[in-house]
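Assemble chain G onto chain S, guided by the hints.
Listed below are the residues making up each chain.
2 protein chains.
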Amino acid sequence: MKQSALFYKTSKETPKEETSSNARLLLKAGFLHKEMSGVWSFLPLGLRVLRKIEKIIREEIDAIGGQEILMTVLQPKSLWEETNRWNEGIGDVMYKVKEGEKEIGLGPTHEEMITDIVRKNVKSWQDLPLKLYQIQTKFRKEPRAKSGLLRGREFGMKDLYSFHATEEDFKSYYEQAKKAYSRIFERCGLKAIVTEASGAGFTKDCTHEFQVEAEGGEDWVVRCPAGHFAKNKEVSDLKKGDKCPACSLKLEEVKTIEVGNIFPLGKKYSEQMNAFFTDEEGKKKGIIMGCYGIGTTRVMGAAVEVWHDEKGIIWPEEISPFNVHLILLSGDLKVREISEKIYDDLQGKGLEVLYDDRENKSPGEKLVESDLIGIPLRLVVSDKTVSQDSAEIKERSGKEIELVKFDDLARKISSLVKANVR
Amino acid sequence: MKQSALFYKTSKETPKEETSSNARLLLKAGFLHKEMSGVWSFLPLGLRVLRKIEKIIREEIDAIGGQEILMTVLQPKSLWEETNRWNEGIGDVMYKVKEGEKEIGLGPTHEEMITDIVRKNVKSWQDLPLKLYQIQTKFRKEPRAKSGLLRGREFGMKDLYSFHATEEDFKSYYEQAKKAYSRIFERCGLKAIVTEASGAGFTKDCTHEFQVEAEGGEDWVVRCPAGHFAKNKEVSDLKKGDKCPACSLKLEEVKTIEVGNIFPLGKKYSEQMNAFFTDEEGKKKGIIMGCYGIGTTRVMGAAVEVWHDEKGIIWPEEISPFNVHLILLSGDLKVREISEKIYDDLQGKGLEVLYDDRENKSPGEKLVESDLIGIPLRLVVSDKTVSQDSAEIKERSGKEIELVKFDDLARKISSLVKANVR
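So the sequences go chain by chain: S and G.
Under our numbering, think of the first position of the first sequence as 546, with each following residue one higher.
Under our numbering, think of the first position of the second sequence as 546, with each following residue one higher.
Rather than coming from a laboratory, the hints here were simulated on the basis of the structure.
Misleading hints may appear alongside valid ones.
As the list makes no split between identical chains, a pair holds if one copy fits it or if it spans any two.
Subject to a maximum C-alpha distance of 20 Å in a straight line, what follows is the list of computed PhoX-like cross-link-like pairs (lysine-lysine) [said to hold, decoys possible]:
id, residue 1, residue 2
1, Lys643, Lys622
2, Lys557, Lys665
3, Lys641, Lys683
4, Lys665, Lys683
5, Lys906, Lys557
6, Lys856, Lys622
7, Lys668, Lys557
8, Lys643, Lys683
9, Lys641, Lys686
10, Lys856, Lys557
11, Lys894, Lys641
12, Lys665, Lys561
13, Lys686, Lys643
14, Lys647, Lys579
15, Lys665, Lys554
16, Lys641, Lys622
17, Lys686, Lys622
18, Lys944, Lys829
19, Lys561, Lys856
20, Lys554, Lys668
21, Lys939, Lys950
22, Lys647, Lys691
23, Lys579, Lys622
24, Lys668, Lys788
25, Lys683, Lys600
26, Lys622, Lys813
Same shape as in the complex, but just chain S (with noise of 0.2 Å):
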């Protein structure tokens, strides 16, 4: 994509209404449009992140058998009676609109639906298990949401449910999610701790979340250093400077953003709003679940939260809006016309390059929107590197500034670029 094409309009000055790194740094950048707090619309270089992280997680959940659906926004009253939920719990934060007498919510959570299609659609335990997902954006009132895409009235989440017969499935199918979620976010970029919290009221089981250390997190986990022991801080026994049950060594707090969690259901939904099965012996029994949801926007929010600096984003490489960022430095026809042929080799081996073709801005507002926007991987091309037949390489993360002859342009970033290069 040509830069001079490209929707966008970075800003110099940093939102100054806005207190996390995250929104500041989407906003300043020019990926996010602020529509209202904790609602935000996705503009060109955002949502390529989004679908991103979207792309990501369909591979993984379809690797471990999911089925992709689409849920609805718009939900009935009476689903959500049907486990007295519609005014209580996460009712509270519904949003609910009137049409004529009947009264309608925005979905914040489809435990209710799933189990709905689910009773409809399953009858034998020959039906199972099955394992549904969507992305879908999700709605919950929240009067002060504060930081960027991490708490949003208005966001975007992958939910994924489970449905077995017996308890051994459903525990090596929750083991199997789990395993799928450390990958998803380690392409992400994030270093996610898998930390145990509370089984939230209907399970002996304890639930898991995801938990990414950050300084701009909301939450906070207990840790041993050495891994061993990871708890959410509000369902923690221990606490900081207590010794870790497997190894003794002194207990950590630190400052976390979740970013995914997962559920042992149980009973309780398929109880509630009958969802039965016959199981071989022809008995009648409530179906076992699951549920798994991860954040797709805050994913985002989190990955800038955890990878910045004072000059800008710096993307994981699966999540970055482009591979590659080029540069042209000069005003040289020739020299022009070098860059565009690199543009287009580059394009034809599969990177996604951004190309700063722009003629209107000077070498030092092109480098510092580059270290703004956070591509990985920064290619110059100017009168300089070209009277030496080169280029200059350097990646955003790192400080050295490389010098690489353009026969040897197409290898050197094939072995920085991990994406599918032909």
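Using the frame of chain S, we list chain G on its own:
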């Protein structure tokens, strides 16, 4: 995908409460789940079709310079007050929620929002032209939502907005968009009639609708059989039997479904909302806008209205959930092995194959279900065909069954499927 693992359930009964063919067939074949009238969840088969429609739209809109963004569902009242539409016109069908003292709308359309984004980012003629689009869910109160996917309270839409410095530039882009729309509908298997419609009160120019002839339609178009004249009956001064102004043939009236529309917006929104740019001479001017909508979910409904018979759906190739329906009609282990190999081979060639590997279904049930689901190409492997080193090929739209030798299968299928076969 193996059919034994696919989440879907066909039904033998036609849903009585549905009057439209698309709702009846899409429910019966397991593509959709009804949440409320006009509110449909997409099950795996249905979501595959919707994603293909979206993919076609993205490709064609990207090709005419569209940049994808994602605006929000929640919209602040203040923006709608700038155009006086909060309580009037489309504001009448807007769902509204309250949070504290604040009123928030659920986007029935996004003109206000896009104009707000553009006025904050576009300053000079150098920032123009600009083409931004999104594929987003829209919400409209619709007390009589009876036509399946044709008329929803929650529905998918692609909306493109273009921004221009001059009328000439706008007009040239409007014609480009018109052509892109025709390509989109053609690729979706729909023959769209471009009809003139009313100017919606704020432009002298007429707007254009894309209407698909269908028994299940809700619109009427007056048209010349030779294609010289086509107007929505609502605005046509000529009627059935009148002579075509161009060729004197008698005009006819046909029932249609509107699948898209394109509107010159002029400066209506830019002037109401102060979306100005500075021209080359330094003069402040209102941006000239156009908007271009396609109902993504409606296109899916329209395709079913046009393409079905008494047995079920007949998907147009590019939007079919799968390219090939491979059906095993045998309990014999060797025959099963052969069909598994065909399944792997076809998938290896990049074809999307639904493979009916189920053991507990009769041949009759499998074939009836295949016709109902409507994948364009059916491949049957049975004891009989294997004894002749062959499989049976049948197109869903035709009657002829052809026995094709295994050796010739790949070539034969490549010749029938336009999809990107490796």
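Identify every previously stated hint that the structure contradicts and give their numbers, smallest first.
-> 4, 6, 11, 18, 24
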